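Asker: Chains as they are written, first to last, in my numbering: chain A, 1 to 278; chain B, 1 to 278.
Calculated from the structure, these hints are not laboratory results. Check the hints yourself; a few may be wrong.
Put simply, identical chains are the same to the list, so a pair is met inside one copy or across any two.
Unchecked claim - Capping the alpha-carbon separation at 27 Å, the derived lysine-lysine pairs in BS3-like fashion look like this:
#	residue 1	residue 2
1	Lys210	Lys268
2	Lys37	Lys65
3	Lys98	Lys34
4	Lys34	Lys73
5	Lys34	Lys192
Predicted model only: the values in this text are computed from it and were never measured.
As a plain string of letters, each chain reads:
Number of protein chains: 2
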Amino acid sequence: MNGGGVELLNAGNATALFHSVDAFLFDCDGVIWKGDKLIDGVYDTLTFLRSQGKKLVFVTNNSSKSRRQFASKFLSLGISVSQDEIFSSSFAAAMYLKSIEFSPDKKEDGKKMIELKENPFLEHDKTVGAVVIGLDQYINFYKLHYATLCIRENPGCLFIATNRDAVGNMTDLQEWPGAGCMVAALCGSTEKEPIVVGKPSAFMMDFLLKKFHVDTSRMCMVGDRLDTDILFGQSAGCKTLLVLSGVTTLPTLQDSANNILPDYYTDKVSDLLQLLRP
Amino acid sequence: MNGGGVELLNAGNATALFHSVDAFLFDCDGVIWKGDKLIDGVYDTLTFLRSQGKKLVFVTNNSSKSRRQFASKFLSLGISVSQDEIFSSSFAAAMYLKSIEFSPDKKEDGKKMIELKENPFLEHDKTVGAVVIGLDQYINFYKLHYATLCIRENPGCLFIATNRDAVGNMTDLQEWPGAGCMVAALCGSTEKEPIVVGKPSAFMMDFLLKKFHVDTSRMCMVGDRLDTDILFGQSAGCKTLLVLSGVTTLPTLQDSANNILPDYYTDKVSDLLQLLRP
């Protein structure tokens with residue numbers, strides 16, 4: 001094991017963790033579900049934690065859905081979650097723009113393609129003041145060109161990334177390029193770095209603290225990624241629990257090149273329930 | 001002017017440069033042509049240099065054409081250039097693979113798209129041993145996913161970039177995202193760095209020196225980009241001439257953040273002819 005300090009979750013430290021924490025923050029993809037399938041035992045675990053008075057918060061870098069759509073997804077999987085308990089990176093991007101009093105009266109997106117005829121020229125809207133980029137399965141040259149023009153040529157245009165996850169379990173069968181792929185593409189063409197609002201950026205935590213009055217030392221961040229979830233939790237002073245049901249494997253955790261070490265690790269969220277109620 | 005040493009080309013230093021150089025290395029896009037238009041005075045300048053016994057070499061990061069196709073493009077613009085005088089980044093990629101005795105018996109490309117049905121899974125060829133990426137106007141999620149799978153999952157798979165130009169004058173009307181955009185996207189999803197064979201990498205120079213027996217101190221690299229052309233020339237010990245007919249503007253050259261300084265700069269290639277034959 002790299003470094004020291006990472007403990008496999010067991011009955012003893014699970015009980016201590018449970019009593020020292022008032023709020024559990026969960027990542028969703030790879031923790032709560034994979035694709036459209038709930039991970040085994042999640043329902044019972046969340047139900048138990050709620051019954052014990054723990055606050056539940058869902059903090060996801062997935063930018064493909066609104067808070068309402070996330071609540072619907074939870075409901076379709078049999079779990080009742082309030083929109084207020086959901087913090088997604090798309091919501092964070094909207095909150096970020098609101099926090100700087102940016103009025104988004106313009107929006108440009110969709111599945112436009114560019115036809116590369118002889119000597120094409122793309123007219124872009126010079127009043128666009130912010131480009132927000134996240135995971136986009138419909139990424140194409142038109143969008144990259146349009147966004148590049150706005151960022152490079154519109155004075156003061158903001159470049160905001162929902163997150164920079166390299167890959168993600170868009171489905172439960174394999175890993176797919178994540179938002180980090182599209183964000184990097186724009187970094188490559190603009191030679192600029194974005195403002196990141198999703199994990200591990202502290203922005204979502206700042207916003208979350210305004211909503212939930214819990215000291216971060218009494219929070220536990222539960223996630224499947226070291227460089228987003230665990231780093232996010234650690235930076236904020238939360239306890240951290242890595243689950244191996246998503247992107248991170250045990251060899252990755254133990255690799256000598258890895259320097260992000262959670263307090264605890266376990267296979268999946270429901271291990272917590274098993275250990276607390278053997 | 002940032003630093004010292006950069007001289008505007010004038011009759012005196014142009015004459016000195018001319019006599020101290022046996023070979024002129026030219027970038028193409030933004031130097032020889034913009035899109036499909038020859039830049040003013042290029043024909044006369046090249047004709048003059050040849051008539052004076054200077055070797056001409058064309059070193060381009062443009063990976064969209066084969067050497068033969070580049071020679072055809074020159075011919076269609078009225079300039080006769082031998083294939084042997086053309087060094088493109090796609091040629092460099094092929095030469096790189098040859099130099100490591102890689103046998104490219106497999107090729108995967110085209111305009112495939114992925115249909116994002118429920119729980120899709122992309123089967124990839126686990127024998128793919130190299131991914132070569134350059135400028136791709138048909139970039140899409142399928143290609144990014146396929147390339148990411150090969151680089152991440154095929155043991156020893158090479159990740160080769162033709163070049164990392166942020167933007168380029170694909171046409172003469174505006175700048176478009178360059179290979180650097182697509183390369184960065186794959187860096188983002190794979191969390192790996194590519195082997196770059198185009199400028200400013202020394203690979204093309206090593207290969208060029210095997211063909212042309214000219215000492216690099218008696219070469220002049222003429223280009224429109226600081227971070228590719230000028231850096232490439234400087235690293236090899238060539239004299240360097242920046243032309244402002246392409247990507248780099250005078251304010252960019254003079255910006256205090258810029259630390260790549262050519263020996264000389266001028267508006268366009270034909271200034272050389274004007275100054276030598278006033």
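Asker: Does each hint fit the structure? Answer for all of them.
Answerer: Each hint tested on the structure:
1. Lys210 / Lys268: Neither way: Lys210 and Lys268 sit 29 Å apart in one copy and 58 Å across, limit 27 Å.
2. Lys37 / Lys65: So Lys37 and Lys65 pass the 27 Å test inside one copy only (16 Å; across, 46 Å).
3. Lys98 / Lys34: For Lys98 and Lys34, the Cα distance exceeds 27 Å both inside one copy (31 Å) and across copies (42 Å).
4. Lys34 / Lys73: Answer is within; shortest intra-copy Cα gap is 12 Å, inter-copy 51 Å.
5. Lys34 / Lys192: between (33 Å within a copy, 25 Å between copies)
Checked against the numbered hints given earlier, this structure breaks hints 1 and 3; the rest are met.
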